[in-house]
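Go ahead and model the full structure; you've got the sequences and the hints to work with.
There are 2 protein chains.
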Amino acid sequence: LGELVFAGLGLFDELDMSLRALEEVKTADYVFAELYTSIMAGLSLENLEKIAGKKVILVSRKNLEDENGAMIISKASSAKVVFLVPGDPLIATTHIDLRIRADKMGIKTRIVHGASIISAVMGLSGLQNYRFGRSVTIPFPYGGIISETPYNVIVENKARNLHTLCFLDIDVERKRFLTVREALQSLLTVEKNKSQGVIDLDVLAVAIARAGSSDVKVKADRVANLLEFDFGAPPYLLVFPAGRLHFMEAEALIRFADAPEWIKEMVG
Amino acid sequence: LGELVFAGLGLFDELDMSLRALEEVKTADYVFAELYTSIMAGLSLENLEKIAGKKVILVSRKNLEDENGAMIISKASSAKVVFLVPGDPLIATTHIDLRIRADKMGIKTRIVHGASIISAVMGLSGLQNYRFGRSVTIPFPYGGIISETPYNVIVENKARNLHTLCFLDIDVERKRFLTVREALQSLLTVEKNKSQGVIDLDVLAVAIARAGSSDVKVKADRVANLLEFDFGAPPYLLVFPAGRLHFMEAEALIRFADAPEWIKEMVG
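Protein chains in written order, with our numbering: chain A, 209 to 476; chain B, 209 to 476.
Hints in this document: simulated from the structure, not taken from any laboratory. A couple of the hints might just be wrong.
Put simply, identical chains are the same to the list, so a pair is met inside one copy or across any two.
DSSO-like mimics (lysine-lysine), calculated; alpha carbons at most 30 Å apart, straight line [unchecked claim]:
#1 K263 to K283
#2 K263 to K234
#3 K425 to K316
#4 K283 to K316
This is how it looks when you write it as C-alpha cells:
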C-alpha cells in the first residue's frame, strides 16, 4: 500500500529542508515538488535533485488544481510519494484539498513540517508572537480594483493594539511579485478613500525581503521612507506594528531593522 | 571575529533541524543548546551530539537569564557559536534579549529558521492561517489564581469569527506540563465566574499532542469529550475554532482530527 507525505522545503533554498524531510525523500518511490505557492529564491530543481539523489517531478498549479492532483494521488495509491512544498507544507488551502482527496481514496497521509514565514517574521522583526492579530494578503489590483480587506484588517488589529502580518501577493509562474512599494501604495489609496488616518506616510511599518537567506533585509521606518527604499529581489512581506511597542520590540527594531530612534516614543 | 548563529531545532527530535542548521553546527567552534522553552520529546543530547559530530553544551534557564548568557556571549566575541533552540529560534523573548546583548557587544548575529508549532498547528488541524486571531498561553494556576486572559482572548477572537491558538504552559526543568484537561478546566472555571456562555462543555475545541512526531494526535470534539480523552505524553496545545468554519476546515477536522459530523452545521 502507498502513502503520501507532505514535506516542507522551508524558506530559501534546498538546505532549508529538515534532515527528516531528506530521509523521507531518500526512501520515497516518487518525489514531487511544487514551487508556485511561494518563491524559494535560492532553490533550483537541479540542486534539489542532487541532494535528493533522485528525480524530482515539478508540478504546476495547473497540474495540481485543474487535473486534481490525479498524478500524485494515483502514484500514492500503491507507492511511497513525497510531495515537497515551500515553507510548512499544509498552510496552503490547495494542499489541504489534495490531502483530503488522498484520504478519501484510502491513502495514508503524513506531514513533515518545515520553517515558515509565519514564525520567521517574528524572529526577524523582534515583534512578539502573541501580539500578532490575524494576517492578510495584499493582492494584486484585479481589474484596477484595489481590495479594502488588507486595510480593514490592519485597522481592526491596530484598534486592539496588535501587529498585522501582510503577505504580498505573488504569481510565480508569471514571475510577478507585488513589491513593498506597490503594497504600500494600495493601502494609501484605500486610506485616501476612507480618510480614517490609520495608514499614512508617517506610520511605522516593517518590510522584509528574502527571509531565510543570508541576504535577508529587514527595514523598519515611516511608510514614506519605505516607499523609496530599494529592497532588491523578492520575496517580500510587510508588518504593520501595533500603535504601542514593548520596549524589547522597539530595541530589536532599532538594532536589527535599522528603525529610527523615534520609535522609542511608541513604547508603552 | 566571532559570530552568534541562532538555529532552530524544529518540533520533535534531532532530525527536525534543517540541513543548513546542521551545516552551521559542523563549522561552529562552540555549540550550545537549550531545551527548556519547549519540550522536544524525541530529542536526546547524545543523539544531537552524534549528528553534530561535536560536543553540545546544554544551557539551563538559570544560565541564560541569571548569568545573562555571559558564557555564550563571551565565546561568540571571538569564535563562531551556534545556539540551538527548539522550534524557530527567536520566538521566545529570552533569546531576543540575548541577541540584543550580543549585538551591543558588536557580535554579528544570524538566524537559521526551524519549523514552529505556530505554522504546524494550521497544517495539522486544517484550520486556515488567515483565520487565526492572536494566540495566548494558558498558564499554570499561580498561587491558586486562574488567569482570565486566555478566556478573554478566545472570547475576543470568537467575536470576530477567528480561531485561537492556545499554548499550554510548560516547566521543562520541573517536568511539569499543563494538560489538555487542566487547560480546559481553567477555562471552564473562568466561564463559571463570568457566565458569558462562550466556553462551555458543548463548544468545539481541537487538541494536539506531540506535533511533529510520527505519533502526533489531533482530536477535535466538544470540550466535554476532550476532558475525558487520553492524549498520552506531552507536549500539548489547544485551538478554539471560530464559531463558523470554512467547509474545507470542517472536512479536514472530520478526516484528520476525528471530529464529529455535527461540526458540518458550523460551516458558513
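Here is what the structure says about each hint:
no., hint, in the structure
1, K263 to K283, "within (15 Å within a copy, 43 Å between copies)"
2, K263 to K234, "both (11 Å within a copy, 28 Å between copies)"
3, K425 to K316, "between (40 Å within a copy, 15 Å between copies)"
4, K283 to K316, "within (12 Å within a copy, 47 Å between copies)"
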